[in-house]
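Novice: Following the hints, put chain B with the ligands in place on chain L, whose structure we already have.
Protein chains: 2
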Amino acid sequence: MSSDLKSKFLEVYNTLKSELINDPAFEFDEDSRQWVEKMLDYNVPGGKLNRGLSVIDSYQLLKGGELTKDEVFLASALGWCIEWLQAYFLVLDDIMDESHTRRGQPCWFRLPKVGMIAVNDGIILRNHIPRILKKHFRGKPYYVDLVDLFNEVEFQTASGQMIDLITTLVGEKDLSKYSLSTHRRIVQYKTAYYSFYLPVACALLMFGEDLDKHEEVKNVLIEMGTYFQVQDDYLDCFGAPEVIGKIGTDIEDFKCSWLVVKALELANENQKKTLHENYGKKDPSSVAKVKELYYTLNLQGVFEDYENASYTKLITSIEGHPSKAVQAVLKSFLGKIYKRQK
Amino acid sequence: MSSDLKSKFLEVYNTLKSELINDPAFEFDEDSRQWVEKMLDYNVPGGKLNRGLSVIDSYQLLKGGELTKDEVFLASALGWCIEWLQAYFLVLDDIMDESHTRRGQPCWFRLPKVGMIAVNDGIILRNHIPRILKKHFRGKPYYVDLVDLFNEVEFQTASGQMIDLITTLVGEKDLSKYSLSTHRRIVQYKTAYYSFYLPVACALLMFGEDLDKHEEVKNVLIEMGTYFQVQDDYLDCFGAPEVIGKIGTDIEDFKCSWLVVKALELANENQKKTLHENYGKKDPSSVAKVKELYYTLNLQGVFEDYENASYTKLITSIEGHPSKAVQAVLKSFLGKIYKRQK
Ligand SMILES: [Mg+2]
Ligand SMILES: [Mg+2]
Ligand SMILES: [Mg+2]
Ligand SMILES: [Mg+2]
Ligand SMILES: [Mg+2]
Ligand SMILES: [Mg+2]
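Residue numbers (our numbering), protein chains in the order written: chain L, 1342 to 1683; chain B, 1342 to 1683.
Hints are computed from structural coordinates only; laboratory data are not their basis. One or more of the hints may lead you astray.
Remember, identical chains collapse to one label, so a pair may be satisfied in a single copy or spanning two.
Claimed, not checked - Derived DSBU-like pairs: lysine-lysine, alpha-carbon spacing no greater than 35 Å straight-line: (1) 1518 - 1358; (2) 1379 - 1514; (3) 1559 - 1481; (4) 1630 - 1454; (5) 1454 - 1632; (6) 1475 - 1559; (7) 1518 - 1613.
For reference, chain L alone in the conformation it holds in the complex:
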């Protein structure tokens, strides 16, 4: 992606924000306009913007030529809709996880004057998406499909969050309930659909494609999203905190992580006992025992094998696709995450 396209993408944020805080469907006054503006600036544009930018990327690869000004704007607007969706999920996820920081600053709900108003701010973020879609896509032949797509993916993400939350309740009582199939369902629904499938699906719709004819593309992207989340689980324990920008707490938090699932699979009775006794405890000595077991079981090697097998499988699927342009879109995604260290 050229730095020119990235700066155009950032400009579009300002346009969308200004439309939203002047939306005629609501009577804004100065207080409410300022509140929304601050809330947006705090929560929407501060991430890596990978999901949003990849809509433009993908559309460009599909078209295979220079984009018009209008196309850049529309692809950017769709990209921002995904960033808005992400911001909405993160604001609410931080409340539910009682997190303290996000992207190097306090979580929005931790600001003293915000508090539980953050719940409604999450809702406002979510509501901005159909406002953006209606304003800029209402006349397009793919408008209904776009609205349906965002709704379906949001439903899947919320369902993934739900099983993440209730599985932790169940796992706290009985760790042996954590399995690879539970892990796969959680990450597929809570991460893969909106982070991997949604950007490409947006680009395909804008390009005039029928999503029903692209089941295979969806499967590859879901597979890639699952691989991405396994990396995330791996880095939470084995990544360098200076590089990933945080200190992982999946062990303390009783998370249904790929690592604990693999450990349960590979452990003997004695090692299982160690896991049951120490997983999900806050004290450092328990955490150390779990990590030690991970080393003993060589989970780093197990992950490396998984990573290689995933890559081979993904590349084979991608190269089986009839369209070179679609192949390029998928390979571009894979290239961005393969062997990532953060």
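Specialist: Chain B with the ligands alone, transformed into the frame defined by chain L:
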């Protein structure tokens, strides 16, 4: 409404619930299916169902004859979408307001195993609406308008919630910021659109009408919703707790209620001082001083005048409408709330 129609409406709830917990867009297992089922039964059907039932009512008045089985089902499904929307708002509102009870039982988030998972449950409730709409209305000519309508009304409601929440922050510092125009904006957006306009708009769309041609109907319903919320504010202080089913706490909670706005308007300097010193305090003697002032200023009489003036204005607007069927819909709504005691 016949008790037969009401029991059919209740049957539709079971159909919709069973579709939702078997939605193929997500891989349910027994735990997640049970969670959603309990969450729905706890939060969706326990209210008065006025909003939902009035879609059927209104559609019947528009059609002016017997409804087919299919029409009853579709109008009921739309009615339930509004009840789902209401459940979503209430689950989240109770978290933000730190409420304890709702409809005679503990608020959902107060259940020990639920807690902050309730935030995501609210989101799930919200996501069910487009699932219902897609399943039963995707092929209809008014499908896009229906989806747009729900999105716009949700945006307006969330915006109303926002100004309700931030106005209370502002009012706590300076009570004199509370004005009739602020009050009108809050209640119009947070209550009137989804409680009054949305049911009728659903019926109109199902009947094949173009909503853009019904601006006047919208205005009357918004006016009626505002009157409804003024009644709510009035009953919070002057209603009989045994009848309204709760003990009002608007004074303690520093609410921008119609009563405090009127009191600020009518009070002399001395009385204003009493308000500034006592409004929003939890202790019973402060509350008593505010109530005493309300009696001194004869807010009961002021409310009675407001109620009569509102009624006359609404009836005049309604009778100016060219269609007798539309008049009947609007009069039926007004009849249900005029001089209500609960
Ligand atoms: Mg989190
Ligand atoms: Mg979480
Ligand atoms: Mg993680
Ligand atoms: Mg409340
Ligand atoms: Mg409230
Ligand atoms: Mg009230």
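Novice: Hint by hint, work out which the structure violates, then give me just those numbers in ascending order.
Specialist: none
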